[in-house]
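Undergrad: Single-letter residue listing:
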Amino acid sequence: MIAAAYPASRRSGPAQRATRAGSAWSCVLAILLLAACAGAPKDPQNARLAQAADYNRRGEAALRQGDHRKALALYEAALRIDLSVENLDGVAINSINLARLHQMLGENARAHQRLDAVLGGGEIFSREYIAAARLRKAMLYQAANDLDAAASWAAQTADLCRDSACIWQGTLLNLRARLALARGDFAAALTLAGQALGVNRGRDAREEAANSLRLQAEARIGQKEFAAALAPLDEALALDKALGLPERIEQDLQRLADAHAGLGHVDEARALRTRAARVARQEMKID
Amino acid sequence: MDLDSVPQRKLRWQALWFVLAALLLLGALLGGVAWKQGTFAKTTQLFFFAKSADGMNKGMAVKFRGFRIGTVEEISLEPNGSVKVRLLINSAHTRFVPQDSTAHLTKEGMIGASIIEIEAGATGASPVANNGVLAFTRLRDFNNIAEELAGQIQPILNDVKKITVMVNDPDGELRQTIKNLNTLSAALLETRQELSHLVQNTDQGLDRTFGRLDTVIGNAGERLDQVGASLKTLNEKLPDLMLKVDTSLDNARAATANIKKITEEGVEQVPGILRDGKAAAEDTREVLGGVKNSWLGRSFVPAPTETLIPLDSHDSGSVSGK
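If you're matching them up, the sequences are chains A and B in order. 18 is the number that numbering that gives the first Met the number 0 gives to position 19 of the first sequence; each next residue is one higher, with no gaps. 138 is the number that numbering that gives the first Met the number 0 gives to position 139 of the second sequence; each next residue is one higher, with no gaps.
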């Protein structure tokens with residue numbers, strides 16, 4: 000390429016060759032310097048933030064391994080560091096994570112306290128994390144079967160999560176569909192689950208897409224449209240299998256059994272319930 | 000004259016200036032990294048004198064309350080036979096080292112690396128000056144404890160040896176007692192025979208009664224015979240047994256000596272291996288940290304960030320599944 004940039008008359012003699020070699024080395028150096036300068040150089044992360052990030056990552060690993068107490072301790076350590084250096088994003092992230100862990104450990108009051116710490120901070124935290132805290136709050140109330148409070152917090156989340164830029168939109172729509180199901184409003188649940196499915200597919204959020212499909216099927220079953228529930232459940236089952244989520248595979252199989260039972264396919268329903276029970280048994284063994 | 004020579008010369012000069020600028024930048028980068036690593040940090044020189052250089056080596060860490068504040072720079076033998084140790088302390092930390100401070104040679108944990116630990120005095124003296132001399136003491140380590148333990152066990156072993164010799168002595172009290180028991184049993188045997196003979200010659204009317212007595216005495220005699228036989232066996236076997244006990248004790252002593260030797264070697268070698276490994280790991284971490292934080296490395300290595308546990312609408316559980 001460099002040689003091609005010169006006319007043929009200039010490509011002869013030792014002096015010219017030396018010039019070309021010098022130019023080539025200059026180009027190499029220039030490329031190296033440009034590569035190093037590409038983009039604005041980031042400020043080095045301070046040791047405290049690096050330590051907080053390390054605790055956060057270890058907490059995530061402990062959670063994946065099912066060691067909830069250890070995960071709790073590690074996220075608390077990360078939060079302490081973030082508080083000490085006023086790293087607001089870290090404070091919000093670890094508080095919301097701790098709320099989830101308290102919920103998993105059955106400590107709902109502590110979970111609410113963690114979220115209130117973020118929600119009571121006014122506008123100091125970014126909208127993204129305030130929306131996440133509100134959504135987590137809605138999920139806490141929904142798990143406690145306090146549907147009114149859950150709907151209220153879901154609506155407050157929606158205030159911050161109206162457009163597609165909100166990364167929690169698909170999850171929020173699924174939650175609202177679930178709340179509609181709990182109220183027995185199957186038509187609304189079907190609509191919301193359909194909207195959620197579109198958002199989640201657009202984001203390639205496969206776990207949430209599977210949730211949307213399951214919710215659609217549950218709404219169909221609630222409307223006694225058993226045949227229409229089969230296709231979304233088959234798709235949800237395929238997704239959950241691909242993601243390796245035994246608890247959800249079991250639920251997909253149970254819902255499929257319900258649909259087949261509704262259609263009068265007794266043998267298929269029995270076979271599906273047997274499969275679901277087998278999956279549940281193996282899952283318990285793993286735990 | 001070549002028509003293209005002027006532009007070519009100009010291009011050559013431009014390339015030369017560019018290379019020079021790049022080299023200058025590289026030099027500045029290397030200088031910056033060296034400054035960051037503390038190469039140009041101001042240091043204060045301190046000394047202490049020890050009887051022996053055992054366990055000390057050049058480059059070992061000098062710590063104050065667990066924090067590294069300097070290194071051992073030089074260890075040399077003085078004309079009077081004492082060992083002179085030169086320390087380089089980061090000048091920023093000399094305020095923690097008053098003039099009445101003491102340097103200890105100790106270990107980080109039971110088998111950790113040897114370090115020089117500076118202990119500040121209690122008199123509130125002013126900070127030590129450059130070329131200051133500290134007092135030195137060598138704290139007890141695992142090796143010293145093992146030697147002390149061996150010293151305590153040795154008298155016990157000597158006592159066991161004395162008892163063994165006493166038991167094994169043919170003229171000793173134990174052997175004499177056994178011999179006397181043997182003699183006594185033989186005498187009892189003779190008495191039994193005489194008594195039996197006497198009873199046979201007494202009144203026939205008392206035959207039945209004495210017959211029973213004879214039986215009883217006969218049984219007693221049999222028991223005495225057995226006692227005699229047992230004592231004889233014991234008398235024969237005891238020297239061998241004592242010899243075996245003696246040999247076992249010798250073996251135990253040899254084994255103890257071997258264990259002590261192995262422990263001493265371990266105490267010398269294991270900390271070295273651990274120290275080397277630890278030093279290598281620390282070096283690697285420092286190099287990686289330096290690369291990550293350097294101007295060039297920062298552009299390529301992303302800084303770790305904290306992440307949120309994904310919010311999953313399924314977390315709250317399935318309503319219809321309940």
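Hint data in this document are derived by calculation from the structure and do not stem from the laboratory. We put the CB at the ideal spot given by N, CA and C, even for glycine. Any given hint could be a false lead.
Unchecked claim - Some, not all, of what chain B presents toward chain A, calculated at C-beta under 7 Å:
id, residue
1, 101
2, 238
3, 239
4, 312
Stated by the list, open to error - In silico negatives: residues of chain B with every beta carbon more than 10 Å from chain A:
id, residue
5, 67
6, 100
7, 129
8, 139
9, 146
10, 190
11, 222
12, 250
13, 303
14, 313
Undergrad: Quick check on the hint: residue 101 of chain B CB to chain A CB, less than 7 Å?
TA: violated, 32 Å
Undergrad: Holds or violated: the hint that residue 238 of chain B contacts chain A, with Cβ atoms closer than 7 Å.
TA: violated, 66 Å
Undergrad: So residue 190 of chain B supposedly isn't at the interface. Is its beta-carbon more than 10 Å from every beta-carbon in chain A?
TA: The claim stands: residue 190 of chain B keeps its Cβ more than 10 Å from every Cβ of chain A (closest is about 82 Å).
Undergrad: Is the nearest Cβ of chain A still more than 10 Å from the Cβ of residue 67 of chain B?
TA: holds, 16 Å
Undergrad: Would you say residue 222 of chain B is clear of chain A, with no C-beta pair closer than or equal to 10 Å?
TA: holds, 69 Å
Undergrad: Is the nearest CB of chain A more than 10 Å from the CB of residue 250 of chain B?
TA: holds, 50 Å
Undergrad: Minimum Cβ separation between residue 313 of chain B and chain A greater than 10 Å?
TA: violated, 5 Å
Undergrad: Classify the label on residue 129 of chain B as holds or violated, using whether its beta-carbon is more than 10 Å from each beta-carbon of chain A.
TA: holds, 31 Å
Undergrad: Please check whether the beta-carbon of residue 146 of chain B is more than 10 Å away from every beta-carbon in chain A.
TA: Nearest chain A Cβ is 43 Å from residue 146 of chain B, so the label holds.
Undergrad: Report holds if the minimum CB distance from residue 139 of chain B to chain A is greater than 10 Å, and violated otherwise.
TA: The assertion about residue 139 of chain B holds, with a minimum of 36 Å to chain A.
Undergrad: Taking the minimum C-beta separation from residue 303 of chain B to chain A, is that value above 10 Å?
TA: Violated: least Cβ distance 4 Å, not greater than 10 Å.
Undergrad: Can you verify the interface hint for residue 312 of chain B: is its Cβ closer than 7 Å to any Cβ in chain A?
TA: Result: holds, 4 Å to nearest chain A Cβ.
In the structure shown, a violation is registered for the earlier hints numbered 1, 2, 3, 13, 14, in ascending order.
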